[in-house]
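The listed protein sequences correspond, in order, to chains A and B.
All the letters of the first sequence, read from the start, carry residue numbers 0 to 462 under numbering that gives the first Met the number 0.
All the letters of the second sequence, read from the start, carry residue numbers 0 to 462 under numbering that gives the first Met the number 0.
I should point out that these hints are in silico values taken from the structure, not numbers from a laboratory.
The reader is advised that the hints may include incorrect statements.
[As the list claims (entries may be wrong)] PhoX-like cross-link-like pairs, simulated, lysine-lysine; straight-line CA separation at most 20 Å:
hint: 1; chain 1: A; residue 1: Lys297; chain 2: B; residue 2: Lys285
hint: 2; chain 1: B; residue 1: Lys296; chain 2: A; residue 2: Lys284
hint: 3; chain 1: A; residue 1: Lys39; chain 2: A; residue 2: Lys392
hint: 4; chain 1: A; residue 1: Lys443; chain 2: B; residue 2: Lys442
hint: 5; chain 1: B; residue 1: Lys297; chain 2: A; residue 2: Lys285
Just so we're clear, the structure is a prediction, and the values are computed from it rather than from any experiment.
Protein chains: 2
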Amino acid sequence: MDKKLAELIGKDKVSTDIGDRLCFSKDVTPLCYKWIDLYKLPPYVSDIIASPETTEDVIKIVNFARENNKKLFIYGGGSGVVGGVIPTESGITLDMTRMSGIINLDEESLTVEVQSGIIGQNLEDFLNKKNYTLRHFPQSIRSASVGGLIATKSTGQFSTKYGGIENYVVGLEAVLPDGSLLNTGDKPRSSTGPDINNFFIGSEGVFGVITKAILKIYKMPEEVKYHCFIYSDIFRALDSIREIMQSGIKPPVIRLYNSEESRLKFEKLGFDYDGCLLILCFEGKKELVEAESSVAKKICSGMHARDIGEELGKIWFENRFDTRHILEKEEEYGGMSDAIELAASWSKIKKLYTEVEEYFKKRNITLASHFSHVYTSGVSVYNIFYLNAGDEKEAIDRFYQIWDDVMEIALKNEATISHHHGIGIIKKTRLKQELGKGMELIKKLKDNLDPENIINPEKLIEN
Amino acid sequence: MDKKLAELIGKDKVSTDIGDRLCFSKDVTPLCYKWIDLYKLPPYVSDIIASPETTEDVIKIVNFARENNKKLFIYGGGSGVVGGVIPTESGITLDMTRMSGIINLDEESLTVEVQSGIIGQNLEDFLNKKNYTLRHFPQSIRSASVGGLIATKSTGQFSTKYGGIENYVVGLEAVLPDGSLLNTGDKPRSSTGPDINNFFIGSEGVFGVITKAILKIYKMPEEVKYHCFIYSDIFRALDSIREIMQSGIKPPVIRLYNSEESRLKFEKLGFDYDGCLLILCFEGKKELVEAESSVAKKICSGMHARDIGEELGKIWFENRFDTRHILEKEEEYGGMSDAIELAASWSKIKKLYTEVEEYFKKRNITLASHFSHVYTSGVSVYNIFYLNAGDEKEAIDRFYQIWDDVMEIALKNEATISHHHGIGIIKKTRLKQELGKGMELIKKLKDNLDPENIINPEKLIEN
Chain A
0 MDKKLAELIG KDKVSTDIGD RLCFSKDVTP LCYKWIDLYK LPPYVSDIIA
50 SPETTEDVIK IVNFARENNK KLFIYGGGSG VVGGVIPTES GITLDMTRMS
100 GIINLDEESL TVEVQSGIIG QNLEDFLNKK NYTLRHFPQS IRSASVGGLI
150 ATKSTGQFST KYGGIENYVV GLEAVLPDGS LLNTGDKPRS STGPDINNFF
200 IGSEGVFGVI TKAILKIYKM PEEVKYHCFI YSDIFRALDS IREIMQSGIK
250 PPVIRLYNSE ESRLKFEKLG FDYDGCLLIL CFEGKKELVE AESSVAKKIC
300 SGMHARDIGE ELGKIWFENR FDTRHILEKE EEYGGMSDAI ELAASWSKIK
350 KLYTEVEEYF KKRNITLASH FSHVYTSGVS VYNIFYLNAG DEKEAIDRFY
400 QIWDDVMEIA LKNEATISHH HGIGIIKKTR LKQELGKGME LIKKLKDNLD
450 PENIINPEKL IEN
Chain B
0 MDKKLAELIG KDKVSTDIGD RLCFSKDVTP LCYKWIDLYK LPPYVSDIIA
50 SPETTEDVIK IVNFARENNK KLFIYGGGSG VVGGVIPTES GITLDMTRMS
100 GIINLDEESL TVEVQSGIIG QNLEDFLNKK NYTLRHFPQS IRSASVGGLI
150 ATKSTGQFST KYGGIENYVV GLEAVLPDGS LLNTGDKPRS STGPDINNFF
200 IGSEGVFGVI TKAILKIYKM PEEVKYHCFI YSDIFRALDS IREIMQSGIK
250 PPVIRLYNSE ESRLKFEKLG FDYDGCLLIL CFEGKKELVE AESSVAKKIC
300 SGMHARDIGE ELGKIWFENR FDTRHILEKE EEYGGMSDAI ELAASWSKIK
350 KLYTEVEEYF KKRNITLASH FSHVYTSGVS VYNIFYLNAG DEKEAIDRFY
400 QIWDDVMEIA LKNEATISHH HGIGIIKKTR LKQELGKGME LIKKLKDNLD
450 PENIINPEKL IEN
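Input sequences plus hints: build the corresponding full structure.
Next up, the structure:
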């Protein structure tokens with residue numbers, strides 16, 4: 000089988016080496032590490048790793064898989080935390096990492112066209128050299144591919160001004176399950192039927208393989224300023240960030256930590272503060288930075304927040320990709336940790352937050368939460384839990400139980416079970432409950448596009 | 000047939016009156032008036048007008064149509080300009096005008112839930128009384144329904160800050176062709192598969208009947224300011240508005256008229272100016288208005304624009320829904336007029352504009368154009384042409400020819416054939432060329448959702 004594929008696309012693009020097969024059958028889902036600790040293997044390991052370099056290679060591989068009735072899994076950067084790349088049966092894994100080219104920088108339209116396998120940080124570095132920036136900063140930027148960011152509907156630390164990946168995608172190219180090629184161009188907006196880009200954003204690969212993308216870029220901001228506040232009460236702080244977003248300004252960063260996560264932060268950095276930390280960032284033209292920070296400061300002061308200046312904001316920015324403290328804390332608590340990122344409208348978020356907090360409190364599980372993606376109509380809450388378990392087996396069982404319980408709390412409160420991590424294998428059990436009839440629409444499209452269920456079977460769709 | 004339907008939903012909700020049938024079989028497409036002049040009838044007239052008051056009524060009507068193999072057309076406010084509501088064969092028309100209720104105003108989340116038949120201006124009036132505003136101001140706001148705005152992917156005069164209707168829809172309810180009910184809730188954002196709302200935004204009714212929507216609303220801006228400039232050169236003016244959008248500020252209104260449309264405006268209003276008029280509006284918190292207008296003014300002055308203050312902006316705002324001058328001009332030129340709204344990326348817009356201008360110049364047809372929806376990556380151009388024709392029959396033939404030619408120019412330049420009017424019956428011939436494989440995705444979903452092709456047959460999809 001692998002030899003036939005090698006004949007088609009070239010020997011150096013096909014591997015059956017066990018190291019490669021293992022490497023491309025896992026991502027950084029916490030559960031993945033536990034599986035490996037326990038069983039030394041992820042649940043399924045791909046038989047063949049195919050590493051295309053061009054769209055034509057991808058077409059050949061998709062056709063090969065379909066014609067030979069082999070399942071096809073897609074691996075972008077392997078930075079997912081919910082198991083989106085993990086094979087659910089035997090098959091071929093498409094390793095997209097070699098498709099990392101930058102095709103076109105359109106400096107007039109401020110867009111860049113790339114192959115989908117390019118790593119976020121590599122694209123950012125390329126842009127920075129020309130004084131541009133993507134401003135899409137997911138925690139995973141150093142390992143996530145652009146295709147993966149699109150397929151999982153990623154968002155970034157500067158989302159409050161620039162939006163999620165859905166606000167970046169101007170156009171894309173995708174290989175459909177029948178081997179045909181879709182291309183949506185670079186139109187800024189159109190009313191020519193439902194937006195086809197949005198069929199693929201968040202699709203987790205089930206409708207085809209994203210091979211190229213045209214993304215918006217930005218000029219480097221003239222000025223960047225931080226400002227931090229401390230609140231004694233998390234709900235008053237929540238009211239403040241709601242007020243900020245609803246006032247019509249767009250600070251790129253609004254990060255509010257609850258008292259537990261603030262305490263961990265203050266402790267780690269050696270600050271003697273107490274309460275809930277709010278980090279704000281303003282950027283752009285000098286006049287805009289001044290105006291927006293003035294509006295925001297007035298709102299925070301009006302809510303009796305303590306103004307602690309810019310220092311902690313700058314420290315956050317410098318260390319924002321450093322997750323060592325989570326791993327250290329995880330060891331300290333002796334088990335495993337994970338993050339459950341929910342989101343709800345403003346009128347539902349406080350009840351959701353309270354119920355999630357109570358859930359963990361009752362079970363004596365440490366929970367650190369922050370609110371970091373803020374909208375006029377609602378907000379996301381990022382819940383990091385540190386689970387203490389007797390042994391690995393118990394850890395896995397408790398882990399699944401917690402996920403299921405928290406998703407149930409979310410659904411009961413009409414919140415989403417996933418704000419930006421995607422569904423993968425971790426959240427699939429509850430997806431249908433959230434989407435309702437929407438699941439049927441996705442399934443109907445999948446059934447017609449991929450009748451043999453070749454590409455990413457078992458992902459996203461309830462069969 | 001109509002009696003069976005009357006039994007199901009009530010006698011007062013069903014009509015076969017010829018006046019009603021005519022009324023709900025047309026919209027304000029210029030061609031529609033010509034058809035009526037010529038033939039006294041729109042091309043098809045619905046047999047039955049069904050006027051639901053509740054979602055349950057809609058479900059009954061959809062089931063009735065499917066079970067009796069009758070086609071179902073959807074009429075929102077009848078404000079469309081491309082024939083989206085015009086029946087393409089005999090059948091039932093769903094008159095959504097009675098579904099005009101306001102269901103819930105969520106003042107914390109700044110959202111409003113409405114039945115889809117509510118007219119935009121009625122919703123705006125309701126909101127204004129409570130010091131809120133939609134800020135979605137399509138030209139058709141006084142007659143368009145919210146459902147129609149969503150189904151055609153509308154945009155509004157304040158789009159540069161608030162976006163198109165796709166940036167407003169938080170959630171929606173729709174009756175699918177099988178009579179089942181879809182509801183997407185009020186989550187601010189989620190990564191739970193492709194966004195289901197986007198399946199319906201721009202769908203022109205082919206996937207089902209939108210019955211409710213949850214839309215973002217805004218607080219009334221603290222301050223609104225206008226500022227106008229005149230450019231001697233349209234391309235330098237285009238460079239300015241690109242620079243403004245790419246500088247990171249968000250003036251809600253950026254309207255740039257070419258010299259011909261500016262001339263008509265100056266003439267009508269009694270101003271002795273010459274050149275291309277640019278109207279800018281800034282709104283929101285006082286600090287923001289000051290900062291944004293300062294940034295924009297610097298950019299315009301740097302491009303040698305003549306600063307003419309705020310007056311013309313205020314006049315535009317007061318008269319922005321008045322289209323009498325177009326109708327007067329139409330009479331003056333002795334034929335018919337229409338608007339073709341295209342959009343392209345910045346790197347493609349100047350060539351597109353030049354080719355469209357040359358096309359009309361060669362044929363001695365008056366063209367007035369403006370650029371009024373501006374993005375960081377591109378811009379839309381609104382081309383109003385005044386067609387002079389010998390008789391009605393000739394007018395219709397020339398009209399079709401112009402549309403086809405201009406769409407061909409757009410497609411050749413990788414522009415979209417529709418920025419915000421939708422496809423309807425006027426642009427359908429060229430849609431597949433623009434969407435390519437995307438058309439297949441829409442068709443595959445339609446085939447599976449509505450296998451008997453009951454709802455809005457012949458719309459959007461190439462059969």
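Open item on the list: Could you work out which of the previously given hints the structure breaks and list their numbers from low to high?
Closed with: Failing hints: none at all.
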